[in-house]
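Novice: The primary structure of each chain is shown beneath.
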Amino acid sequence: MKNAISIPNDILSEALLRYQNERIDNKYPLTGEYNEQMEPNKQTEEKINRLIQLEKKPYFILINTIGKRVACIIIAMILAMTTTVLSVEAFREPFINYIIETYEEWSTISFNNSESQNSEGIVLNEIYEPSYIPEGFTKTFEEELSLSYFCEYSNANNEIIVYQQNLLNNIQVNIDTEATVTEKIYINNVEAIFYENKGQNHILLKGDQYVFFIAGNIEKSELIKVAESIEKIK
Amino acid sequence: MLNFYLCLLDTEEEKSKMEELYHTYKGLMLKVAFDILKDYDLANDALHNAFLKIAHHLNKLDEIQCHKTKAYMVIVIENVSKTMYNKRKKQNTISFDELEYEIEDIKNFEEDVSSELTVQIVLDKIKLLPDIYKEILTLKYVNDLSDKSIAKILEISNSAARKRLERARIKLTELINKEQN
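Protein chains in written order, with my numbering: chain A, -10 to 223; chain B, 3 to 183.
Warning: the hint list may mix true and false statements.
To be verified - Examples of chain A residues toward chain B, derived with CB under 8 Å:
(1) Ser2
(2) Tyr23
(3) Asn24
(4) Asn144
(5) Ile176
(6) Val179
What the hints assert, rightly or not - Cross-link-like lysine to aspartate or glutamate pairs, in silico, DMTMM-like; alpha carbons within 20 Å at most:
(7) B/Lys33 <-> A/Asp14
(8) B/Lys84 <-> B/Asp37
(9) B/Lys72 <-> A/Glu133
(10) A/Lys16 <-> B/Glu181
(11) B/Lys33 <-> A/Glu28
(12) B/Lys33 <-> A/Glu133
(13) A/Lys128 <-> A/Glu11
(14) A/Lys223 <-> A/Glu131
(15) A/Lys31 <-> B/Asp133
(16) B/Lys173 <-> A/Glu3
(17) A/Lys223 <-> A/Glu124
(18) B/Lys40 <-> B/Glu22
(19) B/Lys72 <-> A/Glu115
(20) B/Lys154 <-> A/Glu133
No lab work stands behind these hints: they were computed from the structure. Don't be surprised by glycine CBs; every beta carbon is placed ideally from N, CA and C.
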């Protein structure tokens, strides 16, 4: 049997932190001051600012393990059973395998693919993308991560359509549902959620293995056509 | 120069954790990357890659300006830069993870270390560990990351992360035991 470390975690943690502080402060004694010495190039600045924007956007998708969120899920189940917030009712109806946590201004949906509880080592190995994009829009950004695929289309008027494909396993989606009316729609005979918020139309669609998210300030009918055209490209 | 996206951020309060991290550590991280890669453009790529990794573990960071977060940011950028450096040099040498599996299992240590173990004793022994052990132990015990998150940051498999962590703990215990005995 392998031994468990006998060094108390608090001592180990403190010692490691002291070590890293000594090492890093010895070599890099300053922090923010280096900003004056080293400036990222414009391209890097733009890429990272996109990440910042994503984090702030209501459709920012957080990947998290269900295990870490057990407590929240229990609360969420109670909320899902008792809440009377009608504006998010559509979220509870279409999907069997999700749990919704409803707050005043936003909702969290935790998807859970019961067929593959153990997501360890699973990575995105198929990419789906809409084959239809409204006229005038071109792909301006694309990011393929281990668990998700994201791309952004924009037109000359700076209107944006975002598309995201996420592995279904144990993901959590935060959605801004303040003053939002949601609607159950069908995308190629599959139930999906449509809602409009702050001038942006959104569609959330759950497939067998993936959750697809499409949003943009385009007509609902156009956004549905985009969602309907999602197909495997590799 | 702030681009279009930052124009969308209205107030100081609305600044995201990611944004605060970026504006606090971008210069430091770029410098760390440049010191390893010796190339400004590559260092920029490393900075972007590092933030892609950090984006998935923001919930583990509480305070922006503290030693713990600074250590985390430096370790992430160091690791990304070293990985890029090695890829660039097209080193065909066997990776440490593969090597780890080839090394015979280190003897297990069942005995407890002394109850009088102090931070200083542990610190002294940490200094003797290989860098990759110091790095993974820090991510685990200082930054409180899961094995899975550590694997993503270090770009190794989950099992390799667990194995490396286990070896790091065993090695540290061994060093301390030697002194205690």
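Novice: List in ascending order the numbers of the hints, as given earlier, that are violated by the structure.
Specialist: Structure breaks hints 4, 5, 6, 9, 10, 12, 13, 15, 17, 18 and 19.
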